[in-house]
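Q: The chain contents come next:
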Amino acid sequence: MNFVVSIVFSGAVVTLLVLIPWVGVGAFDLRVLFGIVIPYAAVITFFAGLVAKVIGWGRSPVPFRIPTTAGQQWSLPWIKANRVDNPKGNGGVVLRMIFEVLLFRSLFRNTRMEFRNGPRITYEFEKWLWLFGLLFHYAFLVIIIRHLRFFTEPIPFFVKLLENLDGFMQIGIAPLTGYQLPGLFLSGMVLLAAVGFLFLRRLLSAQIRHISLPGDYFPLFLIGAIGFTGILMRYLLKVDIVAVKELTMGLVSFHPTIPGGVGVLFYIHLFLVSVLFFYFPFSKLVHLGGVFLSPTRNLANNSRAVRHVNPWSYPVKTHTYDEYEEEFRDKMVEAGLPVEKAPEPEEEASEEETGEKE
Amino acid sequence: MYDGGKIITGLVIGLALLLFPFFYTAGKAARAPERELTAKAKEAEKCIEATAFMKTGHMKLLDEWRDEVVRDADRYYTSNLTGEVHYKSIQVTCMECHSNKTKFCDRCHTYAGVDPFCWDCHIAPKESE
Numbered sequence: 001m002n003f004v005v006s007i008v009f010s011g012a013v014v015t016l017l018v019l020i021p022w023v024g025v026g027a028f029d030l031r032v033l034f035g036i037v038i039p040y041a042a043v044i045t046f047f048a049g050l051v052a053k054v055i056g057w058g059r060s061p062v063p064f065r066i067p068t069t070a071g072q073q074w075s076l077p078w079i080k081a082n083r084v085d086n087p088k089g090n091g092g093v094v095l096r097m098i099f100e101v102l103l104f105r106s107l108f109r110n111t112r113m114e115f116r117n118g119p120r121i122t123y124e125f126e127k128w129l130w131l132f133g134l135l136f137h138y139a140f141l142v143i144i145i146r147h148l149r150f151f152t153e154p155i156p157f158f159v160k161l162l163e164n165l166d167g168f169m170q171i172g173i174a175p176l177t178g179y180q181l182p183g184l185f186l187s188g189m190v191l192l193a194a195v196g197f198l199f200l201r202r203l204l205s206a207q208i209r210h211i212s213l214p215g216d217y218f219p220l221f222l223i224g225a226i227g228f229t230g231i232l233m234r235y236l237l238k239v240d241i242v243a244v245k246e247l248t249m250g251l252v253s254f255h256p257t258i259p260g261g262v263g264v265l266f267y268i269h270l271f272l273v274s275v276l277f278f279y280f281p282f283s284k285l286v287h288l289g290g291v292f293l294s295p296t297r298n299l300a301n302n303s304r305a306v307r308h309v310n311p312w313s314y315p316v317k318t319h320t321y322d323e324y325e326e327e328f329r330d331k332m333v334e335a336g337l338p339v340e341k342a343p344e345p346e347e348e349a350s351e352e353e354t355g356e357k358e
Numbered sequence: 001m002y003d004g005g006k007i008i009t010g011l012v013i014g015l016a017l018l019l020f021p022f023f024y025t026a027g028k029a030a031r032a033p034e035r036e037l038t039a040k041a042k043e044a045e046k047c048i049e050a051t052a053f054m055k056t057g058h059m060k061l062l063d064e065w066r067d068e069v070v071r072d073a074d075r076y077y078t079s080n081l082t083g084e085v086h087y088k089s090i091q092v093t094c095m096e097c098h099s100n101k102t103k104f105c106d107r108c109h110t111y112a113g114v115d116p117f118c119w120d121c122h123i124a125p126k127e128s129e
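Chain order of the listed sequences is A and B.
So the first sequence is numbered by the working numbering: it starts at 1 and just counts up by one.
So the second sequence is numbered by the working numbering: it starts at 1 and just counts up by one.
With the rest of the complex left out, here is chain B:
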C-alpha cells in the first residue's frame, strides 16, 4: 500500500465513528422500560382510546384537544372506544389517571428521546416518593 500508515489510520478512525453505536451499546440489550399504571388507571382498565392508538397517536390527540379548547372553547370529548365523555385537558384528564408522570409518560419519553415542552407551562402532577 502507498501511504499505508495514513490510510489505515484514517480508515480506523472512520470505522470507529461509524460503528459508534455498537461500541456504545457493547452488547447490553436495552429493552423498553415498563410503564406503571396507577391504581386509578388500573381500575379504569382502558385509556381514552384504544391502546394501540394511544401509543402512536397520543400527541395528535393532545394537539387536537389543545386547538379545540383554546380556539373553539370545545371542552368535551366523546371517546370512540368507550363512549364516555372526557374533559379535554392534559393536566386534569390525562394526568388524573396517569398521575405517576415519571413512571409513565417520562419512562417512554426518556427511552424514545422526546422531551415535550408542555410542562414549561402546564403543571405536572405532584408525585410522592
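Pulled out of the complex, with its shape left as it was, chain A reads as follows:
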C-alpha cells in the first residue's frame, strides 16, 4: 500500500476513535457504555486473545534449533564457545532472554549497510532505533506502573517511588505562571518523543517507508493519541482525579460506578486505551508475549548434542531391503540374482531333490 494512503487511513481511524466517545459521552451521555461496558469487554478480549495466542504458539512445533551466527557454538572443550549468544544449556538461554527482553540486544546489533566511495561496502553504526525503542518501551512501562495509583488502594510504595523518580525535575509542563503544577513526569514526554521518532523513521527512510503498512502506523498513532490525551488531562484541561479514581477502582473491584463530574476528555482517553486492549492480541503488538517465545532466542543450540525429532514427521511406511529380500528371496534365487542371506530352506529342498534323483 502506498505510504500516503497508509498514513491517511491510520490517521483517519484514530480521529474516528477520538470522535466516537466524544459524541457518545458528550452528546448522548453513554457513560455506562464507555466507562464500564467497553473497558471490561476490552480487558476480557485482551486476556483471552493473549492466552489463545501464546497457547497457539506453544502448539506450533519448532523442529530444529536455529543457531544464530552471533557467537561460536559449543563443540570441543578447547574451542572457545560463546555461552550467552550461542548457549548450549538453559543457563545461557536465560541470560540471552534477559538481555533480549530487558535490553533489546538483537536490536542493538543493528548496523546499516551502505556503499561509500564507490563500490565499497561499509557497515555503519546505527543505534537510533535501539535507543528510541528502548526509551519508548521503558517510558511506557513507567507510565503503566504509575497508573497503578488509579487501580490500587492503598497505593503500593513502588508506585510512589517511581513517581518521585519520574518527577525528579520538579518542573511544570511549561515555564509559565499557572503551568508549573502539577509537576512534570518525564516519562510522558519521552513516550511522545519516541513515538515521534518511530513515526519519522518510517516516514523518512525510503526502505522502511516501503515496507510500512497501516498496521505499523496505526499503533503509533493510537499510542500517540493516548499519550497526548493523558498529557492534556494532567497538565492542561484537567479532570477530577478523585472521581476518575472512583471509576477505575470500581472497575478493578467489580463494583463499577459512574461518578459525576468526569469530563469527556477522560472518556476519550479511556476509549482509546480500550481500543488498544482490543487491538493488542490481533496485531504486531502481541510481541509482548511473543518475545518470550521467539525460537531463535529461547532455544539452546544443542543440535549436535541432542537428537531433535521433527514432531510433524509423517510416520512413513518403509520397506527395507532386508524385508524386500525376505519377501522375494525364492524368486531372486530362481532368477539367479545375488542375495545377502543364503536361503536355508532352499538348501534343504535341493538336498531333497538330489535325494529323489538318486
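Take these hints with a grain of salt, some might be off.
What the hints assert, rightly or not - In the DSSO-like style, the derived pairs of lysine-lysine whose C-alpha atoms are separated by at most 30 Å in a straight line are:
{"#": "1", "chain 1": "B", "residue 1": "Lys42", "chain 2": "B", "residue 2": "Lys55"}
{"#": "2", "chain 1": "B", "residue 1": "Lys55", "chain 2": "A", "residue 2": "Lys160"}
{"#": "3", "chain 1": "B", "residue 1": "Lys60", "chain 2": "B", "residue 2": "Lys28"}
{"#": "4", "chain 1": "B", "residue 1": "Lys28", "chain 2": "A", "residue 2": "Lys160"}
{"#": "5", "chain 1": "A", "residue 1": "Lys238", "chain 2": "B", "residue 2": "Lys101"}
{"#": "6", "chain 1": "B", "residue 1": "Lys28", "chain 2": "A", "residue 2": "Lys238"}
{"#": "7", "chain 1": "B", "residue 1": "Lys103", "chain 2": "A", "residue 2": "Lys238"}
{"#": "8", "chain 1": "B", "residue 1": "Lys42", "chain 2": "A", "residue 2": "Lys238"}
{"#": "9", "chain 1": "B", "residue 1": "Lys126", "chain 2": "A", "residue 2": "Lys160"}
{"#": "10", "chain 1": "A", "residue 1": "Lys238", "chain 2": "B", "residue 2": "Lys46"}
{"#": "11", "chain 1": "A", "residue 1": "Lys284", "chain 2": "A", "residue 2": "Lys53"}
{"#": "12", "chain 1": "B", "residue 1": "Lys60", "chain 2": "B", "residue 2": "Lys46"}
{"#": "13", "chain 1": "B", "residue 1": "Lys60", "chain 2": "A", "residue 2": "Lys238"}
{"#": "14", "chain 1": "B", "residue 1": "Lys60", "chain 2": "A", "residue 2": "Lys160"}
{"#": "15", "chain 1": "A", "residue 1": "Lys238", "chain 2": "B", "residue 2": "Lys40"}
{"#": "16", "chain 1": "B", "residue 1": "Lys101", "chain 2": "B", "residue 2": "Lys60"}
{"#": "17", "chain 1": "B", "residue 1": "Lys6", "chain 2": "A", "residue 2": "Lys284"}
{"#": "18", "chain 1": "A", "residue 1": "Lys53", "chain 2": "B", "residue 2": "Lys103"}
To be clear, the hints were calculated from the coordinates, so they are not data collected in a lab.
Dock chain B against chain A, hints included.
A: Only chain B this time, still in chain A's reference frame:
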C-alpha cells in the same frame, strides 16, 4: 503443546503480573474518602472559586498565586465567584478555612497518590486531636 510446562508457567506468571490490581483489590470497593469542612469553611459555604474548578484546578490557582506574589508582589486576588478579595497565600488563606489539612487536603491527596512538597517549607496548620 511443546515445552508446555515452561510455557504455561511463564503464562501464569505473566497473567499474575498483569492482573495484579485485581488481586490486590480483591473486590473491595474503595470509594473516595469524605473531605471534612471546618466550621469556618461551612460558615463561608463557598470556596474561593467554584467547587468544580477548585477540585481540578486548585494547584493551578496556587501556582498563579505563588508567581504573582513572589515575582510581582501582587498580593490580592479577587474571586470570580463571589467578588471577595483574598490575600494570596497558601498558609494564611487556604489553610485558614481548611485548617484541618489531614482531614481535607491529605485525604484527597493520599487517595490520588499526590504528595505536594509545599509543606517542606510552608507551615502546615497545627491540628488538635
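Q: Kindly indicate which numbered hints from before are broken by the structure, ordering the numbers from low to high.
A: 3 and 18
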